[in-house]
Amino acid sequence: LALADPAAIVSILNPTGGLLGGDRLEIDVTVGARAHACLTTPSATKVYRTGGVPAGQRATVRVGCDGILEWIPDHTIPFAGAAVRQSLEVELAAGARAVVVDAWAAGRVARGEAWRFALVDSALAVRDAAGPLVLDRFVLQAGGGAGLGLAEGFSYFFTMVVAGGGDLAGFAEEARDVVAGREGLAAGVGQAARRARVTRGLARSAPVMLEAIDALWGCARRRVLGVPALALRKP
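Residue 66 is where the sequence shown starts when you use our numbering, and the numbers rise one by one after that.
Simulated from the structure, these hints should not be mistaken for lab results.
For every residue, glycine included, the Cβ atom is placed at its ideal position computed from N, Cα and C.
Mixed in with the good hints, there may be bad ones.
The calculated DMTMM-like cross-link candidates involving lysine to aspartate or glutamate, where the alpha carbons are at most 20 Å apart (straight line), are [said to hold, decoys possible]:
{"hint": "1", "residue 1": "K111", "residue 2": "D232"}
{"hint": "2", "residue 1": "K111", "residue 2": "E91"}
{"hint": "3", "residue 1": "K111", "residue 2": "D70"}
{"hint": "4", "residue 1": "K111", "residue 2": "E156"}
{"hint": "5", "residue 1": "K111", "residue 2": "D131"}
Computed beta-carbon distance windows for the label pairs [claimed, not checked]:
{"hint": "6", "residue 1": "E276", "residue 2": "A195", "range": "34 to 42 Å"}
{"hint": "7", "residue 1": "E91", "residue 2": "E276", "range": "17 to 25 Å"}
{"hint": "8", "residue 1": "A294", "residue 2": "G246", "range": "29 to 37 Å"}
{"hint": "9", "residue 1": "T125", "residue 2": "F203", "range": "32 to 40 Å"}
{"hint": "10", "residue 1": "R176", "residue 2": "A100", "range": "35 to 43 Å"}
{"hint": "11", "residue 1": "E91", "residue 2": "A207", "range": "20 to 28 Å"}
{"hint": "12", "residue 1": "E238", "residue 2": "D279", "range": "32 to 40 Å"}
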């Protein structure tokens, strides 16, 4: 990892190597005032098949005054028959900023298992003292009788939230240029009611998604956090 970077870079590891039905993982993080934390994972998170209750993962992150949070995990891969409920809540104090990524594969795509999971329920909330900045949730369930909409041919999807302050307008402008015309990617950048920008994307492959996230993250670091792009070297 880049030791000269201003962020404290922490890799969150699940020692079991994946989530099983009935697992309950709780992550609770506090980023102190004027501190800068970059939280990531060593690899993608696997969610295994279950015939019973869903796996669950809940993360809560509080960011102190003028603190910075970067939540940049690798994507989650729900296997065929998997069921998972996931939530992330970020609370920003005065002057705090955050870059948050929520990324998914539609399954073990190379094995022909795309969109064969039983349940994916993902909720994301970013708030400050005045109330919600971004509230996002999607629920995808097997046997719902609906088609894939615009997701045909795309097996990876992600959301990036940039919130709290800095040059949000400049980030959005640059982010639109980053995603425009990128082969294998369908993405857009939107403006929240206040103090946040949201990028949503569909990708045809994992490399396309990861390259897009990395480029957008670099934009967010420069425009909103005021630091250079960071390359997270992983085994």
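Structure-based check of all given hints:
1. Taking the CA atoms of K111 and D232, the gap is about 35 Å. The hint is violated against a cut of 20 Å.
2. Only pairs whose Cα atoms come within 20 Å are accepted, and K111 paired with E91 is accepted, the gap being roughly 16 Å.
3. Between the alpha carbons of K111 and D70 the distance comes to roughly 29 Å, so the proposed pair goes past 20 Å and is violated.
4. Between the alpha carbons of K111 and E156 the distance comes to roughly 27 Å, so the proposed pair goes past 20 Å and is violated.
5. Restraint check for K111 and D131: not satisfied, since their Cα atoms lie roughly 34 Å apart, outside the 20 Å limit.
6. Taking the beta carbon of each, E276 and A195 are about 35 Å apart, inside 34 to 42 Å as hinted.
7. For E91 and E276, the Cβ-Cβ distance of about 32 Å falls outside the hinted range of 17 to 25 Å, so the restraint is violated.
8. Checked against the hint of 29 to 37 Å, the pair A294 and G246 fails, with Cβ atoms roughly 21 Å apart.
9. As the Cβ distance of T125 to F203 is approximately 20 Å, the hint placing it in 32 to 40 Å is violated.
10. Between R176 and A100 the beta carbon distance is about 42 Å. The supplied range of 35 to 43 Å therefore holds.
11. Checked against the hint of 20 to 28 Å, the pair E91 and A207 passes, with Cβ atoms roughly 27 Å apart.
12. The supplied range of 32 to 40 Å is broken by E238 and D279, whose beta-carbon atoms lie about 19 Å from each other.
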